[in-house]
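Visitor: Please model the entire structure based on the sequences and the hints provided.
Listed in order, the protein sequences are those of chains R, C, W and E. Numbered per our numbering, the first sequence spans residues 1 to 663. Numbered per our numbering, the second sequence spans residues 1 to 258. Numbered per our numbering, the third sequence spans residues 1 to 145. Numbered per our numbering, the fourth sequence spans residues 1 to 129.
No lab work stands behind these hints: they were computed from the structure. Check the hints yourself; a few may be wrong.
Under the rule of at most 27 Å between Cα atoms (straight-line distance), these lysine-lysine pairs were calculated in the BS3-like manner [said to hold, decoys possible]:
| id | chain 1 | residue 1 | chain 2 | residue 2 |
| --- | --- | --- | --- | --- |
| 1 | R | K337 | R | K471 |
| 2 | R | K400 | C | K170 |
| 3 | C | K207 | E | K102 |
| 4 | R | K22 | R | K3 |
| 5 | R | K527 | W | K116 |
| 6 | C | K138 | C | K170 |
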Amino acid sequence: MQKIGVFVCHCGTNIAGTVDVKAVAEALSHEPGVVFAADYPYMCSESGQNLIKDAIREHGLTGVVICSCSPRMHETTFRKAAASAGLNSYMVEIANIREQCSWIHKDMKTATEKAVILGRAAIAKVALNTPLTASETPVTKRALVIGGGIAGIQTALDIADAGFEVDIVEKEPTIGGKMAQIDKTFPTLDCAACILTPKMVDCAQNEKIHIYAYSEVESVKGFVGNFTVGIKKKARYVDETKCTGCGLCTEKCPMKKTPNLFNLGLDTRSAIYIPFAQAVPKVATIDADYCNMLKNGRCGVCSKVCTAGAIDYHQQDEHIEEKYGAIVVATGFNPIKLDNFDEYAYAQSPDVVTSLELERLMNAAGPNGGTLLRPSDKTHPHTIVFVQCVGSRDTSGCGKPYCSKICCMYTAKHAMLIRDKYPDTEVYVFYIDVRTPGKNFDEFYRRAVEEYGVHYIKGMVGKVMPQKNGKLLVRASDLLAGEQLKIEADMVVLAAAIEPDKTARSLATMLTASMDTNDFFTEAHPKLRPVESPTAGIFLSGVCQGPKDIPETVAQASAAAAKVIGLLVKDKLKSNPCIAHANETLCNGCSSCERVCPYGAITYVDKEFRMPDRTTKIRRVASVNAAVCQGCGACTVACPSGAMDLSGFSNQQIMAEVDAICR
Amino acid sequence: MIFSYYPGCTLKTKAKELDAYARRSAEALGITLSELPEWQCCGGVYTTAEDEIATKLSSVRALMEAKKEGHALVTLCSACHNVIKQTQYALNTDDDMAFKVGNYMQCDARAEADTKVIHYLELLRDIVGFDELKKNVKNPLTGKKIAAYYGCLLLRPSSAMQFDNPENPKIMEDFIRAIGATPVIYPMRNECCGGYITAEDPAMAKKNSTAVWESAKDFDADYIITACPLCRYNLIKSESPLPVIYFTELLAEALDVK
Amino acid sequence: MPISEFKPKIVAFCCNWCSYAGADLAGTNRLNYPADVKIIRVPCSCRVNPIFILRAFQRGADGVILCGCHPGDCHYTTGNYYTRRRMTLLFSMLDYLGIEKERTRVEWVSAAEGAKFAAVMQDFVKTVTELGENKRLEDRRCKKP
Amino acid sequence: MLTNREKEQILISSGVDVRKCMRCGKCTGTCPAYDEMEYHPHEFVYMVEKGEIEKLMNSSSIYKCLTCFACVERCPRGVEPAKIIEAVRLAVIRKQGNNHIKAEDIPCMAEDDDTPGQLVVSAFRKYKK
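Guide: Here it is, written out as structure tokens:
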């Protein structure tokens, strides 16, 4: 038997001014199940709340309806009051008779009638409410960061600083990512290695951080607070625990013609290698594609020279499993392949380079020891043309539809550095728009023009033509002058668009995290939850979420870390109890709900059912993970058999409200 | 193997050698080119306007004719190839166009003109195969440095032509290698010779063509080869010091059927 | 019943995050709209089962309006996209049944659009009032004498 | 007086959405007819968008386009400027008495023994209705 109490608030004159509160209480007291009805000037006040508490105790109320302001205002207040009187807090419903009644109507009669109907709807709903308790799940106090670039490093350091264990999985032999390949950083022009490598060392030395370098995530199971992740440690044919990073093997290795991937193939290295001097972990790796010993069993020089006995030609991939409470995706980016842009002669001439290649060409640890030389004949370039938006803002299908965001600034940086070091080199930058929002960014670009004399030309390069004399004839338009230009350049630098790392898509599938059409991870809310994925417990850091520069990446990395810390400090996760649940006897396992769920909260389990003839049968039925479900209700409508329902907003409850309103 | 063959008007008059060498070479390679019993001039240039229907019909007829014959259609002249390919592409992608053409032809034009169209070079690459061609070469042109001139018609628009990489093609270079010569790669090989503008502004055509052969000459080519009679005409008119010949002539020479 | 006296029954489903807050804002700003509109709060517009709308018509509602976050702003990322597709189907079915298209509506109202909420409701009530009583789907057994 | 109808006709005839243009000028950057043109490919796109068709129609630029599709191939937005130029030219020569080349102009070229037939038909198709 329902015992419902109705409490009508005057809200001073806010409600009572246009609604006859006494008449409302009187009318509602005759509704079925209502055993108590009262009105009071301020229901949310201490004494108002006491009125509710007393009534609950005195009348043994099973449900409470408060006719007052919006539930967005005081729902929590009244729920707490009910709970303190021993009534489940989800047995409280609010009829919004202020914002949605008294404040918008002037006529007392109409407003009172409407208030009664709203009250009725709330009573009809509360009669069908069920006590709900927020479920609790324990939290594994360890985080996983996928990707060891500046984003991953910063996130890991911040999480470790808060005292939590954190693992970094990096697919390359060393952490550092793209920033390690960059020469200088804008807008301050400090050297990237100088600010990055100390952070890398911090990671290595922090006892809370464990680095799985040369490793990949293979599988992800579980949910927020309780992920189980399979990690593959790829065989590097060197025992990490023994290798001291002395580098003797790399000197003695006879296979010196291996392309140096860290320098983007601009020079060569040995088959056993340490990517760069400050690599973390500083351990050698054998490139199996080039090592003679691994390919045909002839050589073994590195093993002979290694005093630590670290070389192990028989090393196998190692598969490990770890538990985590939160996962941060920091998989970063790559410049796009330029196969669709042969008009710029990238494939035809070695003197046409990408901007990232230029970083290596200018870097002191790069192929030319920091002197900028043409790759083809190692001569000093006197004219350099920069082409912006190569593959960015391209809707023709050849490139990417978005703006890559970082190119305007790094091109200004390159132009400035070149003009600074080689004043006899003319630099032309062809741009469509110069986009420099950011602190001190536009000033930086203007400095390139005004102080360093870089020629910025509005227009696009149409074609780069390698000439017999080794020069590159650049044909372009100068839109402001209304001219077609022909510039004989020594080098052409292409600002290639950036795209998410290729591993991101398979990772997103494993994580059930959503992606946009460009393979960037989607954030939970574009404005308000920019570092969380819609999947609970998965966080986003860096360019994997969208193009951004280093300052932005670091900011987002720290924000993601803060979110992770906020999750890991909790011993248990309390979740919103208004979530979906499947009626297993009705569910036919069709997967309709699973497909619409934006959170991947629905899985399927095989369950044994007793049949009427006393036999048992195993059926596949939907099962909602309470920790992951956010309670949107998309599945309840998608379910063809009506097995899915949403606690707190059940089909029955909403229909009861509809009925009450239409009565 | 039998293919339908669309020679086009110029190959019947001023570019007879382009046609004759192609037929002889195809025979030597075991390919039968069966000329369409009835064909009309393609019009020389594709009208891009979407409200121009009549000018596209001769290509549609050729496609339908070839469909009746039941073989893929081989073209040789770059212009014919371009017009027929673009017409077919428009039919396939533009519903409105397909509808209007269907009204003219009183049939389901899209379905009845879905013949596969290949250029003679594609025939060599995809059907014969350059490796196979190499085996059939009796008279390799060793030591000859040859500049392939694509012009625009074979390559662009690449969405319709699907011929080769429009900015860095290699089909003609591969062909040159197959017949034992050395290809010369020069940046102007896919730029326009001036085309029909020679009727309107001969000086402009000459300027464009000159830029092409100068670039080829810069890179020390001995010859320029082309598949287009108009390209050849423009290059010769602009007083190219390099001989400009049809690629089929070299093919015939290499196969010893000249 | 003369039109002037006719008071339609309107059920408005509002998503908790945008439209319900928009309705609250209309109240806070004292923006008047007819009292015929009664709001039911749902977590997301995608929680609204087409059955609810049919039920409302069956029980004598004269119009049903569904409000959600603007496309791209859904609290649950994709909920309103589901709504949009489902309602397109439902409305064409209602049209087939002879329920005037104007009796149903989907509107995107953000939490900041109190004025829009009021304007939408005024317009909707006006439209439904002009259409008159819904008789086609009403279950007469539910009707009070 | 310029009417919207002319612009519309050009948009329909070309099938090009000029609003997709982001004004990079790549089309003009490699146009082989640049020197001979008064208005260049990017200007055709922009002026059609603005509705300034008459200037284009009165310009000799419409006869200088080689239809080489370099601009179409390289446009990062898929705008196809060559089709716009053709549509403007058609808008001119479709009008009575506006044939740019007359049949009697052609025989003078026929004196030249090598003139390929292809040239004659192409020129007719481009400059004459």
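Visitor: For each hint, tell me whether it holds in the structure or not.
Guide: Hint check results:
1. R:K337 <-> R:K471: Holds, at roughly 24 Å.
2. R:K400 <-> C:K170: holds, 26 Å
3. C:K207 <-> E:K102: Answer holds: K207 of chain C to K102 of chain E is near 24 Å, not above 27 Å.
4. R:K22 <-> R:K3: holds, 20 Å
5. R:K527 <-> W:K116: The hint holds at about 22 Å.
6. C:K138 <-> C:K170: Roughly 23 Å separates the two Cα atoms, so the pair holds.
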